[in-house]
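**Q** Each chain, written out:
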Amino acid sequence: MKAKVHITLKTGVLDPQGKAIAHALGSLGFGGVDEVRQGKYIELDLAETDPAKAKAAVDDMCKKLLANTVIENYTVEVVG
Amino acid sequence: MKSAIIVFPGTNREQDIRVALRQASGTDPLLVFHLETSLPEVDLIVLPGGFAHGDYLRCGAMAARSPIVQDVVAKAKRGVPVLGVCNGFQVLTETGLLPGALMRNADLKFVCRNVDLRVETSQSIFTSGLSEGEVMNVPVAHHDGNYFADPETLDRLEGEGRVAFRYCAPGGAVDGTGNPNGSARNIAGIFNESKTVLGMMPHPEDAVDPLHGGTGGRGLFDGIVRALS
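Here the protein sequences come in this chain order: A and B.
Using full-length UniProt numbering, the first residue of the first sequence is number 1, and each one after it goes up by one.
Using full-length UniProt numbering, the first residue of the second sequence is number 1, and each one after it goes up by one.
Hints in this document: simulated from the structure, not taken from any laboratory.
Honestly, I wouldn't trust all of these hints.
Keeping only pairs whose Cα atoms sit at most 27 Å apart, straight-line, the calculated DSS-like set for lysine-lysine is [unchecked claim]:
no., chain 1, residue 1, chain 2, residue 2
1, A, 64, B, 195
2, A, 19, A, 53
3, B, 109, A, 10
4, A, 55, A, 19
5, A, 2, A, 40
6, A, 19, A, 40
7, A, 40, B, 109
8, A, 2, A, 19
9, A, 55, A, 4
10, A, 64, A, 4
11, A, 19, B, 109
12, B, 195, B, 75
13, A, 40, A, 63
14, B, 77, A, 64
15, A, 63, B, 2
16, B, 75, A, 64
17, A, 53, A, 40
18, B, 75, A, 63
If you want the footprint, here are the derived chain A segments under chain B, 3+ residues with CB under 8 Å [said to hold, decoys possible]:
no., stretch
19, 21 to 29
20, 68 to 76
By construction, the Cβ of each residue, glycine as well, lies at the ideal position given by its N, Cα and C atoms.
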């Protein structure tokens, strides 16, 4: 099955890249964009067939490597 | 003084640290590759600068999970002094030995120039050869040196005297003008609780010879060697 992991910066953590994107959108004439926060998307193909076990395993992967929980939040979605 | 320098794929400042330590101590440090699983007993472990594992995922993230770093963490917890410079500082925060994280520079630019650092304390094995308030002129070379920690952690670091260096103006004023990367409270280097682990973004090892254009980093290495010999 597949796991989809979204990693985003925690609220309060400065995101200069997001700010630069927001600025560029403004320059292109896209109005009304109050804030942009940039994150990461990671897709994993897993041998595990039990959704609960797969989710628990990916959760552990996030804590140990994929996300830095000092500055980032993550969400795990298991599909297929 | 016996020292070991850890080398990852993408490390590029190991020879700079080696020269600085050899000059200060008279002994050649050991270079240890990341796939080794244990270090010999040494007086100092150094995580040098560079771009370990290409800075993939996050700076220092892969290196912090490499086999040798598990032994570095174990030894650090036993009190063996560990110095992390630049990418080494990023690795130390990724291991959890030091709090906070190094984020992308606030202006999004790679910064490569000399900066002035104010020594915040001489009360550590790393800064015992320096005086509080002394200003060191040393280079920085990084894209991700913007120190971040939550306000409680920053208060604790300051309250416990664990800020080693701050970016300052040439005269020593910590007013933000000398801050090259947007670091919280102008922090350039911090200690762990026992002050036996130091992480810093600037490169003192690249200011130890007049041919470097200055010797502002020399006092740090001389002090470390005196404290550990």
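**Q** Decide, hint by hint, whether the structure agrees.
**A** Hints versus structure:
A distance of roughly 25 Å separates the Cα atoms of residue 64(A) and residue 195(B); the hinted pair therefore holds under the 27 Å criterion. For the proposed pair residue 19(A) and residue 53(A), the alpha carbon gap of about 38 Å is over 27 Å, so the pair is violated. Of the supplied pair hints, the one linking residue 109(B) and residue 10(A) holds, its CA atoms being roughly 22 Å apart against a limit of 27 Å. Annotation: proposed proximity of residue 55(A) to residue 19(A) is violated, straight-line Cα distance about 32 Å (limit 27 Å).
Taken as a hint, the residue 2(A) and residue 40(A) pair is honoured in the structure, with Cα atoms around 16 Å apart against an allowance of 27 Å. For the proposed pair residue 19(A) and residue 40(A), the alpha carbon gap of about 16 Å is at most 27 Å, so the pair holds. With a C-alpha separation of about 20 Å, the suggested pair residue 40(A) and residue 109(B) falls inside the 27 Å cut-off, and the hint holds. As the CA atoms of residue 2(A) and residue 19(A) are separated by approximately 32 Å, the hinted pair breaks the 27 Å bound.
For the hint pairing residue 55(A) with residue 4(A), the CA-to-CA distance comes to about 10 Å; that is within 27 Å, so the pair holds. Proximity of residue 64(A) to residue 4(A) is assessed by CA-CA distance (about 17 Å); at most 27 Å being required, the pair is judged to hold. At most 27 Å may separate the alpha-carbon atoms for a hinted pair to count; residue 19(A) and residue 109(B) meet this at roughly 14 Å. Between residue 195(B) and residue 75(B) the CA atoms are separated by roughly 14 Å; this keeps the pair inside 27 Å, and the hint holds.
At roughly 15 Å between alpha-carbon atoms, residue 40(A) and residue 63(A) fall within 27 Å of each other, so this suggested pair holds. Distance hint between residue 77(B) and residue 64(A) is fulfilled; the C-alpha atoms sit about 19 Å from each other, no more than 27 Å. Our distance criterion of 27 Å between C-alpha atoms is broken by residue 63(A) and residue 2(B), whose separation comes to about 35 Å. Straight-line distance between C-alpha atoms of residue 75(B) and residue 64(A) comes to about 20 Å, which keeps the hinted pair within the 27 Å bound.
In summary, the hint linking residue 53(A) to residue 40(A) is supported, as the alpha carbons are separated by about 23 Å, within the 27 Å threshold. Among the hinted pairs, residue 75(B) with residue 63(A) is consistent with the structure: their alpha-carbon atoms are about 23 Å apart, no more than 27 Å. Taking a C-beta to C-beta cut-off of 8 Å, the stretch 21 to 29 of chain A contributes 0 residues in contact with chain B, too few for the three needed, and the coverage statement is violated. Only residues whose C-beta sits within less than 8 Å of a C-beta in chain B count toward coverage, and the stretch 68 to 76 of chain A has 3 of them, enough to reach three; the restraint holds.
Going through the hint list in order, the structure does not satisfy hints 2, 4, 8, 15, 19.
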